[in-house]
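**Q** Here are the chains, one letter per residue:
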Amino acid sequence: MISEAGIWGIFLIPVGALAIIALVIRPLLRHHRTPVIAGLITMGALAASLVLSVWALVSVMEDGPLIYDGVTWLTVAGMEMRVGLMVDSLTAIMLVVVTGVSLTVQVYSHAYMKGDTGYVRYFAFMSLFSAAMIGLVIAGNIIQLYVMWELVGLGSYLLIGFWFHRPAAAAAAKKAFLVTRIGDFGFLLAILYLFFNRGAFIEQGLNPLNIVDIQAAAPLIAAGTFAALGGLGVTWVAVGIFAGAVGKSAQFPLHVWLPDAMEGPTPVSALIHAATMVAAGVFLIARFFPIFQASEEAMAAVALVGAFTAVFAATMALTSNDIKRVLAFSTVSQLGYMVAALGIGAYGPAIFHLFTHAFFKALLFLGAGSVNHATGVFDMRYMGGLRKVMPWTYGLMLIGSLSLAGIFPFAGFWSKDEILGHAWRGPDGLDAIVFALLIAGVALTAFYTFRMFYMTFHGEFRGGAEAEQKAQGDAAVGNPAPKPHLAESSLVMLLPMGALALGAAAAGYLVNPQVDLLDIPAHWFSYFVGPEGAKAPPLNSGLAAFAMGLSVLFIGIASLTHLKGRGAGKRVERAVQPAVTALNRRYYIDDLYEGKVVKTGFYRYLGGFLDWFDQQIVDALVDAAGWLSRNLGWAVGRVQTGQAQFYAIGASLGALAILVTYLIWS
Amino acid sequence: MDLEKFLILSAVLFCIGIYGVLARRNAITVFMSLELMFTAVTLAAVAMSRYVASRQVLANPGDASEAVLQTLLTGQVFALFIIVVAAAEIALGLGIVIAFYRSRETVDISQANLMSR
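Chains as they are written, first to last, in the working numbering: chain A, 2 to 667; chain B, -14 to 102.
Just so you know, the hints here were simulated from the structure itself, not pulled from any lab data. Computed from a predicted model, the values in this text were never measured in an experiment. It is possible that some hints are incorrect.
[Claimed, not checked] Under 7 Å between C-beta atoms, here's a sample of chain B residues computed to sit facing chain A: (1) L58; (2) N98; (3) S101.
Where a beta carbon is used, it is the ideal one built from N, C-alpha and C, also for glycine.
If we strip away everything but chain B, and leave its shape as in the complex, we get (with noise of 0.2 Å):
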């Protein structure tokens, strides 16, 4: 497998989730569309991770300077704080759909339009 095929996932994901995030109209799906970038970038992240720093580290043993081997677990660092930001993120975003959908018993976002001038 290489680099490039995780990418190009990562990057079909992500443009999925935009045009979900852009066109739909129920609040749940756009969530879930959030969601899918969230994922394309954890995929991203972890990928470069296993990909980039660690054949750094393969290719020249002895350069492996505490810098580089720091850099080694990053990518998959924050792939776990992207999990943990995005499931408060979902809990917080939840909440104010059903805050939503109590006031205006629906939940299109297009009806969300108070800030309008």
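Isolated chain A, as found in the complex (with noise of 0.2 Å):
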């Protein structure tokens, strides 16, 4: 069994390669064009990382959860406030999939980064990065979650602005950073509402900050038996906690700050997108699952906006013609289906979505990454008939296509199937909804998927970073695109993809197995991680075959429309003009948010207001404290006459008032 110094080395071994690699590394070797050992440390530290998260993954399985209380940091309000550690079953599926992910992407990232003059400052804020969502999973205490769930933030925002001279790229870093903000207040507003009910928990016996004793009230709350948080309450609670899951998860109405994000390099995007960052929202919904299941509002909620942004953010990925955006686009659909599993109960099957899915996203970004590498662009009307010349690149991507838009028998598959199920499965309305919502993202996902697919791989050429710039017209870009060198990429790149191949191949069936399968028992995952006496479904073989159908229908229609040159595609795009603008806009929600929101809202409205408020009320005061005395002393000074017989005047009748003051009080 891991001891709990094992457990807390999984996340100071990246916090030490990120002291190690800015402190010592940085320094001495400033003016080295690639200091490989830089990006050596972080592998290693990874590496040393899923080694410890393996083995507390089988100390998981054998013994149960390992919680730590840790040690007593503040004792607030007749409260201890614990850095504890909590390692159940999700932690260790976490733990695995974070140091996993983050280990290949580290290793595809020393090839992709070689050259950049940023390459240690990159992997020092790797290590931060994967370090603070190891952090974030491990936390046993809801601060020290809020804590690490911050320097997520922080180190998403570090990566995305990491070409911080592209104006474009420190943009987007602010927005992931405010928009993530936003969110993250209603998660300190639901800790700050715990804090202040935390008699009643005192009352039970409970420590309102610890998790473990959150996730122990809400029987109790559920029973009616916990008054403080009864009604209401509990419902206030989840839904600050969905905020800032919807936040970080990129949920709708958040969800802008996502597609912004790809200004970052693509190893990143591909551990934001698999790993770390969006992950921690659908892990908090896990992390604090019973108090949503306590409230049956909020359950509601997260189940729509779950399953409207699975359809939202796949129909912005119909028509984006930038691989990363289709791939962002494609990620926040994804996450809403994991989100929506959750609101309709389904836990077990959102957590294996969210494992499945980390393998084929980042194995689709790293492909996305590697066909950069070779034509210069992300714009995929630039691209096209890259199978001949990347055949490996070509097997990898398609192998996370096919997951991605749930082919059997790829890891999508399996995890889209438990979640369609569990949706199938439900008795009310509501559930309606959400299963009709998610099998039409079903058949969306398909149809996107393919066609970046076939817009980067199939039909010819069309010229690269040179063409874009021809297009762009050469005022707009300053130096001459590198003509592209077509040509598949090296084994560093390619190693990373087929590890993450594998897994998003066989991960499906190998953990979650329909039937035993060897030694793995059947539903195995489902087990694992769901909730005490959770029953695995049976696998609906008539709603699989269904879904799979749909899927394999769009990618017929894709394969029409845009296998073949891109005739059809374009006839259909043209036909449809003022829907491709409105998806090519975002539905003009960033332009509400920008224009309206920002410009109009804040800057106009609230910071006219406090413009006024500064210059005429503020100022105001600050004037009349400078009149007031400099008058007041004017007048004053009227009294010295340096007549010594008007000063005695005064001391007269000074004596004067005092004796008659005395007299009449006395």
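Could you fit the two chains together into a complex? Lean on the hints.
**A** If you want it as structure tokens, here you go:
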């Protein structure tokens, strides 16, 4: 069994890597072009963390959840705030996913970032980002979790804005940070709500900041024996936590930051989309799942937001021409599936989908980076025909795409089907809506995935970076674009993709098989992750066949429109031009936020009001103080005549006044 | 004779003194008025000493404690102090007046206005 120190090691080893890179390597090797040692330290640290994570997973499998009280950090208002550890089955799975995906991404990054002047800085940030996410999943205390939660936000900010000299990257980093902060504020309010109701927890012998105790309180709340959080109280807590998850997991209406986050280096996108940043939101809901279960309203909100986002984001992926943006919208959509699954109570399937999604989405992003390495562009209009020059990338991307589209027997098929199965078995109207939306999402996913795939790899090559520069006009870009060197990426980039492809192809039935598979018991994952006594539903073969048939149908449609040249696709797009424009403008939501909310609401009205308040009220008060002292001084100064007899009159009158006062009051 | 009459006389003298100090321009007259105020205070002190403390002792000779006996002559001692202080003050004050006269060729105290702002 892994010790407490071992679990801390999973978190502290990447922190140590960050410290060594930032404090030793960077100052010493400042002028070195590519100090490989920085990359090796990060990879080594994450490899060690991965080993410890697997050990932790095995320990949890054998001995159940590992919960350590840790040390007291603060004693506030009669209760202790402890920095502890909570490693249950959810954490154990997350640890393996985070460290595993992160390790493959680091290996890939070494090749991708070679020659970049920020190579050392990149790996320092990557260590920080991974460490923060690990710290988030092992946190035993809600405050501790919140600190790590914000550190993940910081890491994403630093990495999205990694090429900070590009205005678009700097703006995207700021946008990501600010938009997620909106959700974080809801999370903070939920924490404060728990804190102010601590009396009720302490009465029950629970600590309102300990995650284990919060989970333990949930059944009491549901049973109605926990007055402080009864009724709407628990809904507020759940909604607050959900707000945090909406921000981090880029759910509607806070999804706007994720497509812009593409400005970061591509491996960063892979990490953000697969394991760290956006997974944190789903993890958060899962972590406080008992609280959500205690509130029907909160569950309904979670389910509807998730299902709506799943379709909403998928439609925006239909017309996007940027390969990374297609994948970004796809992530938002797939996260919608996970959130919706949690909302309908399908806890195990949601985590299962998170697990499989991590593999195929990381794979697809690394593939997009590989394609970019060859062509110099992300715009798919200037790609095409790469199948011939990049056979390995082609094959690996095909596995990822099939998995994302939910084709048997790839990983995505199994997890998506479990979610659909749960939604189908739902008894009331809400589940029917959720189910319909998720099925629509399946069709859209299949279409945009293969539209992207065909535009990138099939047809004729359309010129890469040179063509893009010509299309934008030479004035737009200062220096000439590098000539695309159409060739397969190096083995250092292909191997991590291969590892992820294995997961994307096989993780579905290996960890959660339908029947006993050698040593692996049937539905192992569902039973391991799911709450006590959860029953894994048998595969609904009719539904699975229907969903897959739908996928195949829409892949077929994509083949018709985009496989042979782009003629058919272009004609269709021209026919529905207004819709395409609306989709490309992302339903004008970004325009609404930036134009109306930020520029008009904040800059003009709020800023205008504050400016007015500052000038008319604050400045007026300051001016009044100066005016008053100056004029009061002048008035008092008039008394100083220099005439001794005038002073004597004052003294006499004063004495008289004292005498009169004395006589009256005594 | 009653205590009141002494006190009324003292008050009248004090008010005449105040009037002189506040209203007169001639520095010598101001000094004389000041002396009048001193005199009024001295008179009140002696009168109190004579009428208040000693009456108390005479009324209850048996209760005359050490503390009461000590107050018997306080007023009169005060009178002597005031006379001494007044004499010293006059010596100083007249010196100032003479110095003032030497620089301004006048003893009009409205001319002593260098302290105005």
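**Q** Now tell me, hint by hint, if it's right for this structure.
**A** Evaluated hints:
1. L58: Hint on L58/B: violated, closest Cβ of chain A at ~28 Å, above 7 Å.
2. N98: holds, 4 Å
3. S101: Holds. Min distance 3 Å.
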